[in-house]
Amino acid sequence: MPKADELKKIASQIRRDIVRMVHGASSGHPGGSLGCTDLFTALFFEILDHNPKNFDMNGTGQDIFFLSNGHISPAFYSALARSGYFPVSELGTFRKIHSRLQGHPATMEGLPGIRVASGSLGQGLSVSIGAANAKKLNNDPKLVFCLMGDGELNEGQVWEAAMYAGSKKVDNLIAIVDHNQKQIDGPTDEVMPLGSLRAKFEAFEFKVLEMDGNDMDDIMETITRAKSETGKGCPVVIIMKTEMGMGVDFMMGTHKWHGVAPDDEQTEKALAQLEETLGDY
Amino acid sequence: MRNFEIINIKDTRSGFGEALLELGKTNPKVVALCADLTGSLKMDAFADAFPDRFFQVGIAEANMMGIAAGLTIGGYIPFTGTFANFSTSRVYDQIRQSIAYSQKNVKICASHAGLTLGEDGATHQTLEDMGMMKMLPGMTVINTCDFNQTKQATLAIAKHEGPVYLRFGRPKVPNFMPEDFEFTIGKALHLVEGTDVSIFAIGHLVWHALEAAKELKKQGISAEVINIHTIKPIDEKAILKSVEKTGCVVTAEEHQINGGLGDSVGQVLARNLPAPIEYVAVMDRFGESGKPEELLEAYGLDAVHIIAAAKKAVTRN
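Taken in order, these protein sequences are the chains called A and B. FYI, in this note's numbering the residues of the first sequence are -13 to 267. FYI, in this note's numbering the residues of the second sequence are 5 to 321.
Hints are computed from structural coordinates only; laboratory data are not their basis. Fair warning: this is a prediction, and the values are worked out from it, not measured in the lab. Mixed in with the good hints there might be a few duds.
[Said to hold, decoys possible] In the SDA-like style, the derived pairs of lysine to any residue whose C-alpha atoms are separated by at most 25 Å in a straight line are:
1. LYS154(A) to LYS221(B)
2. LYS82(A) to TYR105(B)
3. LYS155(A) to ASP52(B)
4. LYS154(A) to GLY172(A)
5. LYS33(B) to THR93(A)
6. LYS154(A) to LYS295(B)
7. LYS218(A) to GLY224(B)
8. LYS(-11)(A) to LYS128(A)
[What the hints assert, rightly or not] From the structure, some residues in chain B lie toward chain A, with a derived Cβ separation under 8 Å:
9. PHE54
10. GLY70
11. SER93
12. TYR96
13. GLN98
14. SER102
15. ASP124
16. ALA126
17. PHE290
18. GLU292
Just so you know, even glycine gets a beta-carbon here, dropped at the ideal spot from N, CA and C.
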């Protein structure tokens, strides 16, 4: 089977996991999670050079991934479990008491795959720069990836970090912006217009790439290109267009499913659109 | 009673700078970050000697805290340096989420704390920092009293696994801690034995507490002086042992009365051994411009006020 087709099958299962986790917890953020599922699938099953079976906080000799917009934790957790970081059965504990799968990612409970807490927005790029600097000090040639939301770019700290990464030539870092053009209160163009993200990041001395985050072939091709752009004196950012709620028709084209859980009937309707490929947890 | 002599007059921040340089030589995992205050924090020597392990982040403290958290992922021990105000209130959420909740081994080193920052005034005179930092689960909070102790503490926190807030100051003050007083995180130092009142002091006010004890002795009051350099975890045993003997307490600190050392000592006593406490602290107000010694007097934080507080505590006992 061609790689992209195999990845698409995994993505379908991750989308089922997301819907079932959020339904099971009666809370959570399905919209952005579904939108970024294809990226998570590509990263955790193909792109990252990592060691899921033997999680090491320092990640020495491995690629490291940070999720800055921690609210899309369902996609992160499913990708981690499905790629082998922890048992898939644990996905059913999402957002429940005494779970390692907190509403937003955390290290406190020792969930393998999580290296820093996120949820309060805008902090992940700074942490990623630190980890990238540590890799340089350790002569570790592997890369640091950081996913951020586009609404998150409203936070000032992101631009402090961008100024640092560009001017200090943090060139072992690939940042990815989930540009679904939606945030909680509505379209980003209404809440806080972002203008040209390309121009902004170029002004901060990033190498800027763009991709369709719901097209597996484009994801694979663009990230491969991004990797080839590392080590050349500037950080790389990929502006990734996605559709919030991707894969579930009634969750697409609206910001309303940013942070709302589907009820029983809606869950059934959603799951009918998503093929069970790896077996539900 | 032991007589504490002034060894010399030095700023506490220079103790930090000296120790940081020493750590640079002895521990290759120690790295340092600064937000455009390298000279003020006395970090220049480290920056010059170890340019690869020094990160100048510019005036961007939030980013600095995040980068520090990230550097621990890879095995480094980051020391951040900026003024106490910009080390705490300005970046509280970054510290809370990326460092404290994420259990990162970051050492937040904060200079120019308290009123004795002096002429710059209230915008820079943080008096709330220890309260904020001690509320974070897992955070160790230290405020050193002189050059020698700041140097010792800086070396000690590098060996401690977990986030630490180390607070020190700007002015040149008496350096008096003899070298035989070993610094151990969380272990209070018994400076003067006494039987009538326990004075628990922290930071620059430890010297003033010693001066107060001398004067109290002349007036027939035997004051015990204990240097609580670590506000969290606080040395409960030392506090209780002293108060079992004296029965009354003065706390002395360059911090708001709310959230500071007084609150911590009060909590220990309320839970174990209720006793009258008099607080020498800033009474819920902001600071202002002035010379350090003028400010300590004006805000009731000098030896004169510690003496008055001790007498009052004794009468309440």
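Chain A contact restraint on SER93(B) - CB to CB distance below 8 Å: With Cβ-Cβ at 15 Å, over 8 Å, it is violated.
Hinted pair, alpha-carbon criterion (25 Å max): LYS33(B), THR93(A). Please report holds or violated. It holds: about 22 Å lies between the C-alpha atoms, which stays within 25 Å.
Can the hint on PHE54(B) be confirmed by a CB-to-CB distance to chain A that is less than 8 Å? violated (11 Å)
Restraint outcome when GLY70(B) is required to lie within 8 Å of chain A by C-beta distance: holds (2 Å)
Proposed interface contact between TYR96(B) and chain A, which counts if any beta carbon pair is under 8 Å: Check failed: Cβ of TYR96(B) comes no nearer than 11 Å to chain A, outside 8 Å.
Pairwise hint evaluation, ASP52(B) against LYS155(A), where the allowed Cα distance is 25 Å at most: holds (20 Å)
Measure nothing beyond the straight line between the CA atoms of LYS154(A) and LYS221(B); if it is 25 Å or shorter, mark the hint as holding. violated (59 Å)
Return the status of the interface hint for GLU292(B): holds when the least beta-carbon distance to chain A is below 8 Å, violated otherwise. It is violated, given that the least Cβ distance between GLU292(B) and chain A is near 29 Å, above 8 Å.
Quick one, are LYS154(A) and GLY172(A) close enough, alpha carbons at most 25 Å? At roughly 35 Å apart (the allowed maximum being 25 Å), GLY172(A) and LYS154(A) break the hint.
May I ask you to test the interface hint for ALA126(B) with respect to chain A, counting a Cβ-Cβ separation under 8 Å as satisfied? It is violated, given that the least Cβ distance between ALA126(B) and chain A is near 24 Å, above 8 Å.
Given hint SER102(B) near chain A, where the shortest CB pair must fall under 8 Å: holds (5 Å)
Need the status of pair LYS218(A), GLY224(B): alpha-carbon distance at most 25 Å? With Cα atoms ~74 Å apart, LYS218(A) and GLY224(B) exceed 25 Å; violated.
Violated hints, in rising order: 1, 4, 6, 7, 9, 11, 12, 15, 16, 17, 18; the structure is consistent with all others.
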